[in-house]
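4 protein chains.
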Amino acid sequence: MSDRVVLAYSGGLDTSVGIGWLKDATGKEVVAMAIDVGQEGEDMEDIRQRALACGAVEAVVIDARDEFANDYIVPAIKANGLYQKRYPLVSALSRPIIAKYLAQTAKELGADSIAHGCTGMGNDQVRFEAAVAALAPDLLCIAPIRDLALTRDKALEYAAKHNLPIAQSKKSPYSVDQNVWGRAVETGFLEDPWNAPIEDIYTYTADPSVPREATEITITFTQGVPTAIDGKAVTPLQAVVLLNKLAGAQGVGRIDMVEDRLVGIKSREVYESPAGITLINAHEELENLTIERDLARYKRRVEAEWAELVYDGLWFSGLKRSLDVFINDTQKYVSGEVRVKLHGGQAVITGRRSDQSLYDFDLATYDTGGTFDQSQAKGFIEIWSLPSKISARRDQATQG
Amino acid sequence: MSDRVVLAYSGGLDTSVGIGWLKDATGKEVVAMAIDVGQEGEDMEDIRQRALACGAVEAVVIDARDEFANDYIVPAIKANGLYQKRYPLVSALSRPIIAKYLAQTAKELGADSIAHGCTGMGNDQVRFEAAVAALAPDLLCIAPIRDLALTRDKALEYAAKHNLPIAQSKKSPYSVDQNVWGRAVETGFLEDPWNAPIEDIYTYTADPSVPREATEITITFTQGVPTAIDGKAVTPLQAVVLLNKLAGAQGVGRIDMVEDRLVGIKSREVYESPAGITLINAHEELENLTIERDLARYKRRVEAEWAELVYDGLWFSGLKRSLDVFINDTQKYVSGEVRVKLHGGQAVITGRRSDQSLYDFDLATYDTGGTFDQSQAKGFIEIWSLPSKISARRDQATQG
Amino acid sequence: MSDRVVLAYSGGLDTSVGIGWLKDATGKEVVAMAIDVGQEGEDMEDIRQRALACGAVEAVVIDARDEFANDYIVPAIKANGLYQKRYPLVSALSRPIIAKYLAQTAKELGADSIAHGCTGMGNDQVRFEAAVAALAPDLLCIAPIRDLALTRDKALEYAAKHNLPIAQSKKSPYSVDQNVWGRAVETGFLEDPWNAPIEDIYTYTADPSVPREATEITITFTQGVPTAIDGKAVTPLQAVVLLNKLAGAQGVGRIDMVEDRLVGIKSREVYESPAGITLINAHEELENLTIERDLARYKRRVEAEWAELVYDGLWFSGLKRSLDVFINDTQKYVSGEVRVKLHGGQAVITGRRSDQSLYDFDLATYDTGGTFDQSQAKGFIEIWSLPSKISARRDQATQG
Amino acid sequence: MSDRVVLAYSGGLDTSVGIGWLKDATGKEVVAMAIDVGQEGEDMEDIRQRALACGAVEAVVIDARDEFANDYIVPAIKANGLYQKRYPLVSALSRPIIAKYLAQTAKELGADSIAHGCTGMGNDQVRFEAAVAALAPDLLCIAPIRDLALTRDKALEYAAKHNLPIAQSKKSPYSVDQNVWGRAVETGFLEDPWNAPIEDIYTYTADPSVPREATEITITFTQGVPTAIDGKAVTPLQAVVLLNKLAGAQGVGRIDMVEDRLVGIKSREVYESPAGITLINAHEELENLTIERDLARYKRRVEAEWAELVYDGLWFSGLKRSLDVFINDTQKYVSGEVRVKLHGGQAVITGRRSDQSLYDFDLATYDTGGTFDQSQAKGFIEIWSLPSKISARRDQATQG
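Chains as they are written, first to last, in the UniProt record's numbering: chain A, 1 to 400; chain B, 1 to 400; chain C, 1 to 400; chain D, 1 to 400.
It is possible that some hints are incorrect.
Computed cross-link-like contacts, DSSO-like style, restricted to lysine-lysine with a CA-CA straight-line distance of at most 27 Å [said to hold, decoys possible]:
| # | chain 1 | residue 1 | chain 2 | residue 2 |
| --- | --- | --- | --- | --- |
| 1 | D | Lys-154 | C | Lys-341 |
| 2 | D | Lys-154 | C | Lys-378 |
| 3 | B | Lys-378 | A | Lys-378 |
| 4 | A | Lys-23 | B | Lys-232 |
| 5 | B | Lys-23 | A | Lys-154 |
| 6 | A | Lys-378 | B | Lys-23 |
| 7 | C | Lys-332 | D | Lys-85 |
| 8 | D | Lys-107 | C | Lys-378 |
| 9 | C | Lys-332 | B | Lys-332 |
| 10 | A | Lys-378 | C | Lys-378 |
| 11 | D | Lys-161 | D | Lys-23 |
Pairwise CB distance ranges (calculated) [stated by the list, open to error]:
| # | chain 1 | residue 1 | chain 2 | residue 2 | range |
| --- | --- | --- | --- | --- | --- |
| 12 | C | Thr-151 | A | Asp-66 | 52 to 58 Å |
| 13 | B | Asp-230 | A | Val-176 | 32 to 38 Å |
| 14 | B | Asn-195 | A | Asn-70 | 29 to 35 Å |
| 15 | D | Ala-397 | A | Phe-361 | 57 to 63 Å |
| 16 | A | Val-210 | B | Ser-375 | 44 to 50 Å |
| 17 | B | Asn-195 | A | Glu-45 | 48 to 54 Å |
| 18 | B | Asp-192 | D | Asn-328 | 37 to 43 Å |
| 19 | A | Gln-396 | B | Thr-227 | 30 to 36 Å |
| 20 | D | Ser-375 | A | Glu-157 | 29 to 35 Å |
| 21 | D | Asn-328 | A | Leu-52 | 47 to 53 Å |
A few chain C residues facing chain A, derived, Cβ under 10 Å [what the hints assert, rightly or not]:
| # | residue |
| --- | --- |
| 22 | Asp-355 |
| 23 | Ser-375 |
| 24 | Glu-382 |
| 25 | Pro-387 |
| 26 | Arg-393 |
Honestly, the hints are just simulated from the structure, not real lab data.
Don't be surprised by glycine CBs; every beta carbon is placed ideally from N, CA and C.
Please take these sequences and the hints and turn them into a complete structure.
Have a look at this one:
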């Protein structure tokens, strides 16, 4: 058995105190690992130093922003990934990449365990541990906050007693998780789902009700991946960062919903995801132009399944991986441009075009020059209606 | 064989001329039937008189507005009925009720055939004929525009020659179908899906980009049916009419999409449905509060199926009817209030509450007084992850 | 708090010893409840007396055979309920009815807890506790074998020490659960899924490889429910009992499979269900004759979902109940007769007929007198193929 | 415009006469193309000569047996392809490969049209034409039997008048389509679905009710493909041929069902597919051993969709192709051996094993040495049941 544990470290109170707790409870050396998934805020080196100051034997910082965009956000765009048709899976996407680096760091640094700072009421504990189970099934997962039933008060007390370098002068009323794909906010008064959100809780999005000029942009997709904005080539990460700015300035991407957690309870959640909502809207509409009807209809069902699996922490599961293979195959022709008007909190598609378009002007036009052979419709309808017709005869005979 | 045919009559050029065409082509007497499904515009009595003037042997006018709201729109609300996640099935809902009255009128007035004015390129021909097949399988369906390959020019010529009382002084550039649930607009320049819509095409919705004060309303649902607005009891029809006014004034409910028609082609469609989008948004969120997770997840799949069936003209099919039974059963507890802010083209839910809520504050709160037993999570996650863990061991052994 | 617990009592070693264990561990009086679901074997009064002799303060015996057939087996027939396409849900159907009586008895006799004798590795613990949670959410569930980690050896020791009246002279090598719907057998050598079953493990079915005369029967269904066999009216229970005899004598209904347990592991299972396999086969084929294509196709998906929910212990869940409503609605016309040849381990359908048949001889015949209008097919195929044709043009242009 | 048409030629009466009809009706030269998909019967060179004698300008014979097995049957095995859970898609699999060679031959020999001998009542016309539409969208499809409403009597008359070399001395009462994957039989008395099949109609299978010794075989699969039988390496074609012999001799693979045709009618069908039923049974059970639960459950839904698409003639459609990609991905670990006992019309799996097995003896065993941590179950069940428990409280409060 190794005597090391790798902790997913955020720099905040809970995981800072967690370093000491883990050491006390397990006797293991604690390696702190912090990942940059575009959450911004603090400098990563400051976070690293704090981990050491809090007692970590080693502290690792990883810039995973491009990988996060390429390997986690891009699949979500291809899948039009919205849980319950609304939530763009902000935290659900970041947990698997953090888990991947926890497992990798544990292997590299000779740890036999990983740890995270989640409570036992949420989805993230499942996402961390299920991902680790699928990547490194022999690693042990430790969740001190949950398993030792630690509370905020106990954490503050511990930090004070051990003189930990944690600036906790005034407690923010908001509990936040954020990354480049979006932001989740929780706070006491929002626990009543009848209470409306207030402007103060938002940081990625401006107030959509303030009058301002609309912004019009054109997003280019290549096989489902955003590759240019207004004609300028971008990486996926750059696309997301730029759209957060442009769409966020127009108040696009606010979500307020009652959500079904994997652990069986309903919760009220408020999110911001300006780039997420914009990109998924645009991508889905480009699919409407370039994917065949039956494939598109089926893909919408697969997308619902995909979003639920990702929400439920099964990113690395066999089913999720095979669904990704299906989804990737559907993206062969999803290339083209979508024009989006950002305004008043909305990302409205106003145009779409593609060299791989299945829209056939000659078939679709009602003009006399159209090529659709209308006489075929009669036979089609007869056979299309035949099951209904036959059963209508039966039903009427039965009831008559 | 009877010598009568009942024609679905709109009062417009095509069906006015259709009266004569039908007579010429079949030798049958033509009964004109016009239905009020809230399309507004012309006085129904004027339409009736015009039918007679155009040669109909009888002309029937039916006010089906409440029935349309109760028996067609309400099921669509319960089903959160959006084809391709966007289109609230405006015309798709009205065709079955018209077909029902075609069949009923044919029976009452001794006709052996029904007729409609659809072309062979669209969905509505299928919706009419499939509905009639399911209701009166022995009626013959005639589609003069389609089957005789009639064009607008021929219609104008015929109308002039026979001196039909049709005001066709200036041709509107728009082809419109509308009812109380919404409005569909087609016109030449929109056939290029890259062209943006212009303000001129909209009549149910004001320009959402004009600065104005937001409107806040509270919608009450009882078992999935809208029953009050701002505390004042309404019928479904009244709810739709009032919300068209309130949400339309805020520009809510515009839809611009590439659509997959049943006849196998893609078309670009622009719709307005202020009440539709508002009610479906609100209803779906109330379901999030009151329906169990697994049932809600499954219902979302059923909804997609339902919308496709209705879009595809199978309103009266066996599958559609059994899905309705399922959906109705899910609405037992979908009662409560949803607060909606109408502004800038959006209907944003800002609160929801219900005596039948499944949201349990004591379970959901992170406060120390919460009742969720966090220690259960550990066992849950272990078993939840077990299939991934077992297959990870297998996969690694296989690859190793 | 009450001081009573109701134990699901089988009369076997584990639950007999469980009476004492429960008393020791909880201090509560133990009420033993045994249910007759057609498992045969011991006399129910003997079981009752044994419970009292083992220390139960009360012992209740319930004959639930008809209710089990009417309310649990009949829905399974209507749903063609086969988990993984094979397992007729033998134990999965009996657990909810036992749980229902546990909850009811607890209420009647003033207990605040229920108990069962399941281990922690199987599905039945989930089925019991999830059913109780859905029926009596405030009852506590106790599982002494699992939670106290009790083993067979400890049970034997306890029984000897307390002189419990348990005939355990020679240990059967088989662990069996059975009821009127079938029988599940587990035993050590079958834990290797490569080992073939031996004749000795079967009791509901004769060796199918022994030459014998075939048995031919006709089963009548009325709205999905078996109501007569060979023209003689039967209750559902009588149908099952009679078919167990007739089909079992021909070796029908043996199942040998690797099964995915809810708790995340695979297990090898051997079942017998002569009536189950016969009735489901016959019922499904009658549906082929009487249910419209699209409804039938959709119902097959619903059936898979239904079987998984029931297997997973969610009999009383909201989704399962709404699926039942859907399934019931599909059975309106599933009335008629199916002729089955029982022989060599197979229940082969050789004929089916119904007054509600959708089979239309005049349409289906290739004879010259047939009424199918073949000319419609051309238009149908053109439109049916149009999406493929349009995308083929696109694909070839793209690749070209 | 070209003046050639390629006809799918079987050597039988209809397509022999069709050569002349096509010439008469279209003025085009007729190229006859016959494909060997393992239908056996006549020598292919005899068929070729007959085509020429009947007036074909060219006659092409193609041995497609291995391609048929590798590219059409193998995907069906991987998909456990059974329409309505029973029909192994015998004709549905051969039509696309014939269509592919029709399109290819047309291109090579400069034809602008293809032709087939199907009537307008069946599925095969759709399968041919939809496949051609997806492969060569600009080819014209001609169906003389259907479009000219030709009958058998007219064909006989034409053959006599033109002295065509067709041995039609005694008319077989059976209409048969067969290939190496199976055989479909139609005949007048079977059009009444209450009539039982008679032994005389079967040729691939011996009477299963005749007593004989069982045959036991072991089938090896490698990533879903049958690669050895009883340890001897085989190609897919060899596997199918050998299993037809072995399983056919035991009467395995007879199917008698009422089927839902794509053209909207129900028909009664009788099939034989000894290798098909044996291979699908064995393959599916090997999946039970080697595929994770959630992936397996989802794949079963995909399989139903796959079978319907193939049945409905959409082999080359976008959705079918993307489903194949999904299915292929699931087969990575479906390698191992399945032992099958062939007897009395049944192919019974008696053992399965795999180096990639997910069956974990140590977890599954009830022995005291097992490694399953039963204490986790309690937490799992609590959270698994929580939605039911919460809604039970709500429901009871509402009803109370």
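Hint check results:
1. D:Lys-154 - C:Lys-341: Status violated; Cα separation ~41 Å.
2. D:Lys-154 - C:Lys-378: The hint holds at about 22 Å.
3. B:Lys-378 - A:Lys-378: 61 Å, violated
4. A:Lys-23 - B:Lys-232: Given pair A:Lys-23, B:Lys-232 is violated - Cα atoms ~62 Å apart, limit 27 Å.
5. B:Lys-23 - A:Lys-154: Measuring from Cα to Cα gives roughly 88 Å; hence the hint is violated.
6. A:Lys-378 - B:Lys-23: 20 Å, holds
7. C:Lys-332 - D:Lys-85: 22 Å, holds
8. D:Lys-107 - C:Lys-378: 23 Å, holds
9. C:Lys-332 - B:Lys-332: 23 Å, holds
10. A:Lys-378 - C:Lys-378: 10 Å, holds
11. D:Lys-161 - D:Lys-23: Roughly 16 Å separates the two Cα atoms, so the pair holds.
12. C:Thr-151 - A:Asp-66: 52 to 58 Å: The hint (52 to 58 Å, Cβ to Cβ) holds, given that C:Thr-151 and A:Asp-66 are roughly 54 Å apart.
13. B:Asp-230 - A:Val-176: 32 to 38 Å: Taking Cβ atoms as reference, B:Asp-230 and A:Val-176 lie about 34 Å apart, which means the hint holds.
14. B:Asn-195 - A:Asn-70: 29 to 35 Å: 34 Å, holds
15. D:Ala-397 - A:Phe-361: 57 to 63 Å: 59 Å, holds
16. A:Val-210 - B:Ser-375: 44 to 50 Å: 47 Å, holds
17. B:Asn-195 - A:Glu-45: 48 to 54 Å: 51 Å, holds
18. B:Asp-192 - D:Asn-328: 37 to 43 Å: Between B:Asp-192 and D:Asn-328, where Cβ atoms are some 39 Å apart, the hint holds.
19. A:Gln-396 - B:Thr-227: 30 to 36 Å: 35 Å, holds
20. D:Ser-375 - A:Glu-157: 29 to 35 Å: 31 Å, holds
21. D:Asn-328 - A:Leu-52: 47 to 53 Å: With a Cβ separation near 49 Å, D:Asn-328 and A:Leu-52 satisfy 47 to 53 Å, so the hint holds.
22. Asp-355: 7 Å, holds
23. Ser-375: 7 Å, holds
24. Glu-382: Interface hint status for C:Glu-382: holds (4 Å vs cutoff 10 Å).
25. Pro-387: 5 Å, holds
26. Arg-393: 8 Å, holds
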